[in-house]
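Trainee: Spelled out from the first residue to the last, the chains are:
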Amino acid sequence: MHVTNDPVANNIRQIYPYRVDLENCDDEPLRHIQVIQAHACLIALGKDDLIARYVSGNSQEIIGKPWQEIMDRHMREILPYEITAQISVGLGREDGFETLNPIQAFFKVGTERVLKNVIIHQNGDFLLVEVESASEFIQASRYQQLLSRAIAKIQQIREYDNLFTETAKVIRQVTAYDRVMVYRFDKDYNGEVIAEARGENLEPFEGLRYPHTDIPKQARELYLKNRVRLISNGVETPARLHSSVAVEEAPLDLTMATSRGVSPVHLEYLSHMGVNNSLSVAIVLEGKLWGLFALHHYSPRFIDYSIRSMLAFVGQIFSGHLSLQSANRYRQETLTRNLARLAIGEMITKTRNLFDGLTKGTHNIRNLFSGISGAAIHFENRYEAYDTTPPLEDIQALIRFVQEKGNPESNLVFTNEKIGEVFKPFEHYCDEAAGVLIIFMNPDFSDWICWFRPGISQTITWGGQPEKELITSEDGTRRLGPRRSFARYVETVEGCSAPWLKEEIDTAISLRITILNSLMERYTEVKQVNEQLKKALQDLETFSYTVSHDLRAPLRAINGYTEILAEDYGDQLDAEGHEIITKIHAGVQQMNSFITDILELSRVGSGGMQLESLQVSAIAAEVIAELLPVYAADTEIRIEMTENMPTVIADKRMLRQLLMNLISNALKYMQPGPDSESALQIGTRKHGRDNRPSFYISNTGPSIPKEYADTIFEMFSRLSTQSETEGTGVGLAIVERIVNRHNGKVWVSDDILGVTFNFYLAPEQL
Amino acid sequence: MYANQILLAEDDSTDAEFFQRALRRLDSPPELVWCKNGLEALEGLSDVTNSKLLPRLAILDIKMPGMSGLELLAKLKSDERTKNLPVIIMSSSDEPQDIAMAYDYGANGYLVKPNRFQDLRELVNSINSFWIKTNRLRPMVM
Chain A
1 MHVTNDPVAN
11 NIRQIYPYRV
21 DLENCDDEPL
31 RHIQVIQAHA
41 CLIALGKDDL
51 IARYVSGNSQ
61 EIIGKPWQEI
71 MDRHMREILP
81 YEITAQISVG
91 LGREDGFETL
101 NPIQAFFKVG
111 TERVLKNVII
121 HQNGDFLLVE
131 VESASEFIQA
141 SRYQQLLSRA
151 IAKIQQIREY
161 DNLFTETAKV
171 IRQVTAYDRV
181 MVYRFDKDYN
191 GEVIAEARGE
201 NLEPFEGLRY
211 PHTDIPKQAR
221 ELYLKNRVRL
231 ISNGVETPAR
241 LHSSVAVEEA
251 PLDLTMATSR
261 GVSPVHLEYL
271 SHMGVNNSLS
281 VAIVLEGKLW
291 GLFALHHYSP
301 RFIDYSIRSM
311 LAFVGQIFSG
321 HLSLQSANRY
331 RQETLTRNLA
341 RLAIGEMITK
351 TRNLFDGLTK
361 GTHNIRNLFS
371 GISGAAIHFE
381 NRYEAYDTTP
391 PLEDIQALIR
401 FVQEKGNPES
411 NLVFTNEKIG
421 EVFKPFEHYC
431 DEAAGVLIIF
441 MNPDFSDWIC
451 WFRPGISQTI
461 TWGGQPEKEL
471 ITSEDGTRRL
481 GPRRSFARYV
491 ETVEGCSAPW
501 LKEEIDTAIS
511 LRITILNSLM
521 ERYTEVKQVN
531 EQLKKALQDL
541 ETFSYTVSHD
551 LRAPLRAING
561 YTEILAEDYG
571 DQLDAEGHEI
581 ITKIHAGVQQ
591 MNSFITDILE
601 LSRVGSGGMQ
611 LESLQVSAIA
621 AEVIAELLPV
631 YAADTEIRIE
641 MTENMPTVIA
651 DKRMLRQLLM
661 NLISNALKYM
671 QPGPDSESAL
681 QIGTRKHGRD
691 NRPSFYISNT
701 GPSIPKEYAD
711 TIFEMFSRLS
721 TQSETEGTGV
731 GLAIVERIVN
741 RHNGKVWVSD
751 DILGVTFNFY
761 LAPEQL
Chain B
1 MYANQILLAE
11 DDSTDAEFFQ
21 RALRRLDSPP
31 ELVWCKNGLE
41 ALEGLSDVTN
51 SKLLPRLAIL
61 DIKMPGMSGL
71 ELLAKLKSDE
81 RTKNLPVIIM
91 SSSDEPQDIA
101 MAYDYGANGY
111 LVKPNRFQDL
121 RELVNSINSF
131 WIKTNRLRPM
141 VM
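Residue numbers (full-length UniProt numbering), protein chains in the order written: chain A, 1 to 766; chain B, 1 to 142.
Keep in mind that the hints were calculated from the coordinates and are not lab data.
Just so you know, even glycine gets a beta-carbon here, dropped at the ideal spot from N, CA and C.
Any given hint could be a false lead.
[Stated by the list, open to error] To list a few chain B residues with every Cβ distance to chain A over 10 Å, as calculated:
hint: 1; residue: E40
hint: 2; residue: S68
hint: 3; residue: A74
hint: 4; residue: M101
hint: 5; residue: F130
[As the list claims (entries may be wrong)] Derived coverage of chain B by chain A (criterion: at least 3 residues anywhere in the stretch with Cβ under 8 Å from a Cβ of chain A; other residues may be distant):
hint: 6; stretch: 13-27
hint: 7; stretch: 115-122
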């Protein structure tokens, strides 16, 4: 907007002692405004000499002395005795003048003696003495009544939601303002009218939002120091603040002055709104400006200091109540979530599975937070997504983004309500994943849990278009004017999720700790079990070694006596007696081979290995020669063995045992093939992707069912208990142990002649 | 001079009995002196070293209470009067390290106890015909 003459710009130039950049409202140095509102007279006394150095131009009207007669005089010459006496008292007090204000005294204005309220604040090297009207009819007892009624009412409010409206009502009753609003700041200091009490014919403002620029940063800082701000009459000309030559025109800091002049920009703003009088009370929560009681009146009025300080007190009571209620609500919600979190922790411990524990219980990560569109877990290279989530690669890209960007708040938790804005690939997931909450299990960001919240269209009703207007004057000054229109302006914001509340973020952090604890517990458990197993295995080996040796003695006794019986008393036995002796021998024989195998098993499990390059064919031939008379004395068996098989690196004794067990196994379970011929074939072939040479021992006979292919290598496993063939069930377990100790593999297949055992050894790769 | 005796140190009475029975089946069996452990055997031998003749052969089990076969073996082989006495270790263990250790201690032979009585008979037979007969020809150094 272009104007020929901008009175506001002119005013600004007049009220500040130095040039002020007007294009940025945040830069306006409000505390250095060198004017005083017309309702009060301000005298600044040097703290040490108590001589007046600054005097407002309206002193004649208010205390009956022109400012020139006050300047550079000692307070005794200016102020009544009641005041100077109290100033001496206040200077000696630790809490200064807070409990003394207001000090009442009569001033002689013209011919009248007028009762005034004097309010004193210390601000740096100066005492700010403000003199303003005192309402005689407001008695001390009446404040007390009003105050205790207001406090009682506020403290009776149990419902959090009612607190605001009820408080506004109470304040309006006490102050008789046209409009009383509870104005709350969001995290960006945009304001919203969350409750109001207003006169009958007034347009409601409740629900309206005001941009953060309406109350700029330095104004908010002033509210933290000086919590009540009265603008008694927006159209009255303020009084200039004169300064003594002694202070060389240095501006007086008016932060603590209650009658500090008003920025012309703000006055313009109020006049656009039609407000003549405004009274604001800061609500401070945990050291931050939570909001304001904003009181508007459409005609001038003066509010006695006592009522203003009472309102400040009501503001404190209110914020105390607020923090109590929000702490209660926080505690309640945290309690509920804690229960859910503990249940999840228990579930993890119970199921011994992180994924099941997090998702299968009544309480789970899918219902831990409300309004979740989906969740995803990444843990130890496993990824699971639940409900609606973006695809994994995009989530991973997001994780990398968070990792690279670094998380200023904390490394472990990341939250965002509009992730698409900072991370473009998520822009088109706005519907299902506008908000994200991520907890990282470990500092390297590899394991995480991620929750998504859908984007919601939020309707924001602004009290007028939020943008400010640039006003350019003919003389070239440019300034931002306050908003001119306060007509409702509805804006729809897309792509934002419901906010992640503090209690939700805290719950996520606690959940992370719960998960880590459960994992640690599980890890410790597994480690313990492992160690117990190791120990048990060692014990078992020692035990089986000892036992099998000790078992041999009684076995020899049974065998020996049976033989002696047969030899020496054989002629006294009949055929049945001899048959029994044969059966005893068979039993002993079986027991003996059992012991041999167990011993062998414990032997291959422990002890050193002597690796050497060995010819498999040579050892196999030896073994076959040894075994054939035992297993196939009466059977015709065709034996084929590939010549020039590759050598293997192995412990000779173990390799021999391995071949012995596999070949004896083949001979034991051999049955004639399709052409009624029994055959054994030993050879080598390539195996696997890397064409590793493997050896095989194949025999004619029925193939081993697939379901047993793995279990046959377990100890004491035999395919059929009714099997006619003898066996201890330890033989293949020994084979597998030998193969394992040689970093190899053994497996069964049903090719070549029928049943084929394959193995390779690779001890050199250990 | 040797007595026609075999010393057997064996804590298991059944094994001792089998050995005795197997021995008796020989044509002209030597006398068996059975000691239940190494200590008993050492005492018996110290008697004979002073006044009597040494046995032709000592057969020692390894695992015995009090003094083990290997301990006894070491003592015998370190004593001038008994170091030429042929000693055979007879054990149920076929562990290579047991066998190696026996020879390290100076054993003249190592036999694994057969499971079958028949095998024991054959073994005793060959012990008799080899160790006892051949040793008869050797000059005795005291």
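Trainee: Hints first: check each against the structure and report whether it holds.
Mentor: Hints versus structure:
no. : hint    : in the structure
1   : E40     : holds (19 Å)
2   : S68     : holds (14 Å)
3   : A74     : holds (22 Å)
4   : M101    : holds (15 Å)
5   : F130    : holds (23 Å)
6   : 13-27   : holds (count 4)
7   : 115-122 : holds (count 5)
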